[in-house]
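Peer 1: Residue strings, one per chain:
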Amino acid sequence: MSSANLRECAAVDISDQDVVAAMKSMQGYIDITPADFREVYRVAYALAKERMMNALKAADIMSRAVRAIRADDDLIAAASLLAEKGISGAPVIDGQGRIVGVISEKDFLRKMGAEKSGSFMQVIALCLKNKGCLATAMTNRTAADIMTAPAITAAADISVGAIAALLMEKNINRLPIVDGGGRPVGIVTRTDLVNSYCMLG
Amino acid sequence: MNYFEKMKGHTQSPPGVGALEILWSWIGGFLGIAAVGLIHFKLLDQTGLMLIIGSFGASAVLVYGAIRSPLAQPRNLIGGHVLSALIGVAAHQYLGSVPWLASAAAVATAIALMHLTKTLHPPGGATALIAVIGGDAVHRLGYLYVLMPAGLGALVLLTVALLVNNLSPNRRYPEFW
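Line order of the protein sequences matches chains R and G. Residues in the first sequence are numbered consecutively from 2, following our numbering. Residues in the second sequence are numbered consecutively from 17, following our numbering.
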């Protein structure tokens, strides 16, 4: 899945035919070969992309009201909090407030019998086959038992481009932003990332 | 990349231009050289002065036929001819007794100076060369060659280019000064 996504993420390249067609649509003799133009275009495009991707930092796009779950919270409390806040995941913190992991729907689904990818449909299929579901296996467990650890985090000055690359590479949906002491100061989700593209115009 | 591999080329030529573009290029070239030629043959011929030199034919290709080219812009047209003429006359005066050396030094130095001053204009190389190989009529002018024909002739070509190249709704000149 991730390799297919990365392929789609490759930059659009222009061909000699595109350049020749553009040159034809302009009047007059253009004193440059299509290959030279493409070279100029590629370098200029890469520079523009870099400028845009570095223009916004995590601090500009992150949600600052972070709902953290304590590592020793039981899973009833954790699931209730996620449900109440309408979010699908949250960072998990220890007694000192430092991030030790991330807990999300995927972690719950895995515990309910989903494969490694943690799809809801896998759980449904399992429930139908077994004539019942096994959420009860999670009672008396804490957030620390099922969370994904160690947490992948970043500092507030990480650029939007680097965040996108990190989410793709690690195949995760949210990136907690931490201060120097490892305490959460915000969180960037894929949704925040999509919104940031509006800000780039 | 292999040395011989490079000689095969790697891209295609830019597309050809439309009939209207060809027509405007012809009109510009005709009027530009006509202006320089008329002044030269009708006013100056008997005086020993001159306004037309071979390199203006090459300039006409650029400033009427490839008007978007950086090589065809006013600073290149005027700067290229004037600086190259200066180099050419100096080369003749100091190295004229060895014509092959004066010729080579004139052209090579003109290219370098045009590059340095961002006034690269290919016909400038011819202007520098003509200062050496142009015969007695050119040699008699001395450094006047820089102002006339080189400077003034280029100015006439520029004036015609400004007037003619902007008549067509699809053309504009210059790109920059």
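Heads up, some of the hints might be wrong.
As the list claims (entries may be wrong) - Computed spacing ranges between beta-carbons, pair by pair:
hint, chain 1, residue 1, chain 2, residue 2, range
1, R, M27, G, H155, 41 to 49 Å
2, R, I33, G, L36, 33 to 41 Å
3, R, R191, G, R91, 49 to 57 Å
To be verified - A few chain R positions that, by computed beta-carbon distances, are all more than 12 Å from chain G:
hint, residue
4, N55
5, G96
6, A150
7, D158
8, A163
FYI, nobody ran anything at the bench for these hints, they're computed from the structure. We treat Cβ as the ideally placed atom computed from N, Cα and C, and that holds for glycine.
Peer 1: All hints are to be evaluated individually against the structure, with a verdict given for each.
Peer 2: Hints versus structure:
Checked against the given bound of 41 to 49 Å, the beta carbons of R:M27 and G:H155, roughly 45 Å apart, stay inside it. Judged by the Cβ atoms, the range 33 to 41 Å given for R:I33 and G:L36 is violated: they are separated by roughly 21 Å. Range check, R:R191 to G:R91: about 52 Å between beta-carbon atoms, so the 49 to 57 Å window is met. Under the 12 Å C-beta cut-off, the non-interface status given to R:N55 relative to chain G holds; the minimum distance is some 30 Å.
Taking the minimum C-beta to C-beta distance to chain G, about 62 Å, the non-interface status of R:G96 holds against the 12 Å cut. The beta carbon of R:A150 is kept farther than 12 Å from every beta carbon of chain G, the shortest such distance being approximately 50 Å. Its beta-carbon lying about 39 Å from the closest one in chain G, R:D158 satisfies the requirement of being farther than 12 Å from that chain. Every C-beta of chain G lies more than 12 Å from that of R:A163, the closest at about 34 Å, which supports listing it as non-interface.
Checked against the numbered hints above, the structure breaks only hint 2 and satisfies the rest.
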